Structure formats: structure tokens, C-alpha cells
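Participant: Residues per chain, in single letters:
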Amino acid sequence: KAGVTQTPRYLIKTRGQQVTLSCSPISGHRSVSWYQQTPGQGLQFLFEYFSETQRNKGNFPGRFSGRQFSNSRSEMNVSTLELGDSALYLCASSSGTGSNTGELFFGEGSRLTVL
Amino acid sequence: AQSVTQLGSHVSVSEGALVLLRCNYSSSVPPYLFWYVQYPNQGLQLLLKYTSAATLVKGINGFEAEFKKSETSFHLTKPSAHMSDAAEYFCAVTRSGGSYIPTFGRGTSLIVHP
Numbered sequence: 001k002a003g004v005t006q007t008p009r010y011l012i013k014t015r016g017q018q019v020t021l022s023c024s025p026i027s028g029h030r031s032v033s034w035y036q037q038t039p040g041q042g043l044q045f046l047f048e049y050f051s052e053t054q055r056n057k058g059n060f061p062g063r064f065s066g067r068q069f070s071n072s073r074s075e076m077n078v079s080t081l082e083l084g085d086s087a088l089y090l091c092a093s094s095s096g097t098g099s100n101t102g103e104l105f106f107g108e109g110s111r112l113t114v115l
Numbered sequence: 116a117q118s119v120t121q122l123g124s125h126v127s128v129s130e131g132a133l134v135l136l137r138c139n140y141s142s143s144v145p146p147y148l149f150w151y152v153q154y155p156n157q158g159l160q161l162l163l164k165y166t167s168a169a170t171l172v173k174g175i176n177g178f179e180a181e182f183k184k185s186e187t188s189f190h191l192t193k194p195s196a197h198m199s200d201a202a203e204y205f206c207a208v209t210r211s212g213g214s215y216i217p218t219f220g221r222g223t224s225l226i227v228h229p
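Protein sequences, first through last, are from chains A and B. Using this note's numbering, you'd call the opening residue of the first sequence number 1 and step up by one each time. Using this note's numbering, you'd call the opening residue of the second sequence number 116 and step up by one each time.
Next up, chain A with everything else stripped away, as it sits in the complex (with noise of 0.2 Å):
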């Protein structure tokens, strides 16, 4: 079955200019995850959505937002960009439910540069 995908690969934004990455999960899965990865901090987590609704956020300003939608496809947006915001944003969906071990499956990311 087709893996995670996310879209766009590769965007370029100035300071102050909001970003919005999509992405679509595994079919039947119905948790999706955010992640922040920069070469100094690493994996950061951003938030979970499940059935719509935000079940785990990270500790991120109020800049960082997501939604998740009833296909279970989700997006997050960026507002008010800043150079720090340069990063690759990592989606993950896993079933979400109770056999789930915390496996995640991830897309190959959208890749941020603001200048």
C-alpha cells in the first residue's frame, strides 16, 4: 500500500510569510504526527492528531498549528516565519489505536528554507 506522503518536497519563504505542508497517511491509519528536525536540535515532536481532534502537542509557540481532516490527511501552517523555522518538518501516521506499539511510519518530508 502507497506510504506517506508529503507535499510540497522543497519551499523557499522569507521572514514573515506563513508556510502551509500537507500530508497524507497510510490508508487506515488514523494518527498522524508532527516532528521538527534541525541538525542542532534534532527530532523535536510538534503535535499528534487522531480523528481529527489534537491528542499530543510538543512545546512549540502558538506560530505552529495543524489540522487534521476526516480522510485523516493533515496539515500544519506556520505563521510569521523566522530564519529558526529553517528545517525539515517530518510527518508520521500510525494506527493510533491500542495494538499500536508507537511505530511510526514516516513520509520523506517538506524541506524549509527561509530567508
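Treat the hints loosely; a few may be bogus.
To be verified - Short derived list, chain A residues pointing at chain B, Cβ under 7 Å:
1) 39
2) 42
3) 43
4) 56
5) 90
6) 101
7) 102
8) 103
9) 106
10) 107
11) 108
Bear in mind the hints are in silico, worked out from the structure with no lab data behind them. All values derive from a computational prediction rather than experimental measurement. We put the CB at the ideal spot given by N, CA and C, even for glycine.
Go by the hints and put chain B onto chain A.
Facilitator: Quick look at chain B alone, frame taken from chain A:
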């Protein structure tokens, strides 16, 4: 709370040599443990996982890891490194019966010399 420590941000080996990537975890309850691999410009891919069955876990590409509760470790090994093993490796922990959100280590970059 749970945490993961990966010793060594970079590990360099020669092709054909043993690969050993170290991971120590902290968890107040029995953990689930994972190793992921990330190739350049790609997402993470699961190598193997421990979910309280056999303590020696075999994964893809010839990798294996052993869960040692007494040492709170889950080191990743491969008997013979191949050039294609050059990548970033991440250890992660979740709690059984608890949060499904994994905590990741900082990653170890494996460099393989010809």
C-alpha cells in the same frame, strides 16, 4: 518521563568492520524500543523494534539489537558494514501501555570508509 541517549554523534568504521551504535534509555515502565535509519534527504525508516518479546531483535539489512534491562541499553549492531549503511541512525523509546509518542535520541551518523 522517558529519555534516550545515543553515545557518539558520529561513528566511523571501515567497510567490512563491525558496526556498534549505542543507545541507553530511561523509562519508568517497561519500554518499547526502536531503531530508525535516515538516508540523506529522506524520512526515517524502521530498522527494528523491541516490544517485550525476544530480547534479541533482528531487523532489516542485517542489523540486530539486544534489549538489556539491567543495563537499560538497546545497542544496534551489524557484523560487517557496507558502504550503503552510511546514514543517520535514531534510537527511540515509547512506554508500553502509555503514551504512543516516541522520544528520539539525537542520532548517530554512521560513516563507512572503503
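Participant: A separate judgement is required for each hint: does it hold in the structure or not?
Facilitator: How the hints compare with the structure:
With 7 Å as the threshold, the beta carbon of residue 39 (chain A) stays out of range of chain B, its nearest partner Cβ sitting at about 10 Å, so the hint is violated. Given hint, residue 42 (chain A) at the interface with chain B, holds; its Cβ is 4 Å from that chain's nearest Cβ, closer than 7 Å. At its closest, the beta carbon of residue 43 (chain A) sits 4 Å from a beta carbon of chain B; the interface hint therefore holds under the 7 Å criterion. The interface hint given for residue 56 (chain A) holds, since its Cβ lies 5 Å from the closest Cβ of chain B, which is under the 7 Å cut-off.
Interface restraint check: residue 90 (chain A) against chain B, minimum CB-CB distance 6 Å, threshold 7 Å, status holds. Taking 7 Å as the C-beta contact cut-off toward chain B, the hint placing residue 101 (chain A) at the interface holds, the least distance being around 5 Å. Because the smallest distance between the Cβ of residue 102 (chain A) and any Cβ of chain B comes to about 3 Å, under 7 Å, the interface hint for this residue holds. For the restraint placing residue 103 (chain A) at the interface with chain B, the shortest Cβ-Cβ distance is roughly 6 Å, inside the 7 Å limit, so the hint holds.
A cut of 7 Å between beta carbons decides the hint on residue 106 (chain A): the least distance to chain B is about 3 Å, and the hint holds. With a least beta-carbon distance of about 5 Å to chain B, the hint placing residue 107 (chain A) at the interface is held under the 7 Å criterion. Because the beta carbon of residue 108 (chain A) sits about 5 Å from the nearest beta carbon in chain B, less than 7 Å, this interface hint is met.
Violated hint: 1 only; the structure is consistent with all others.
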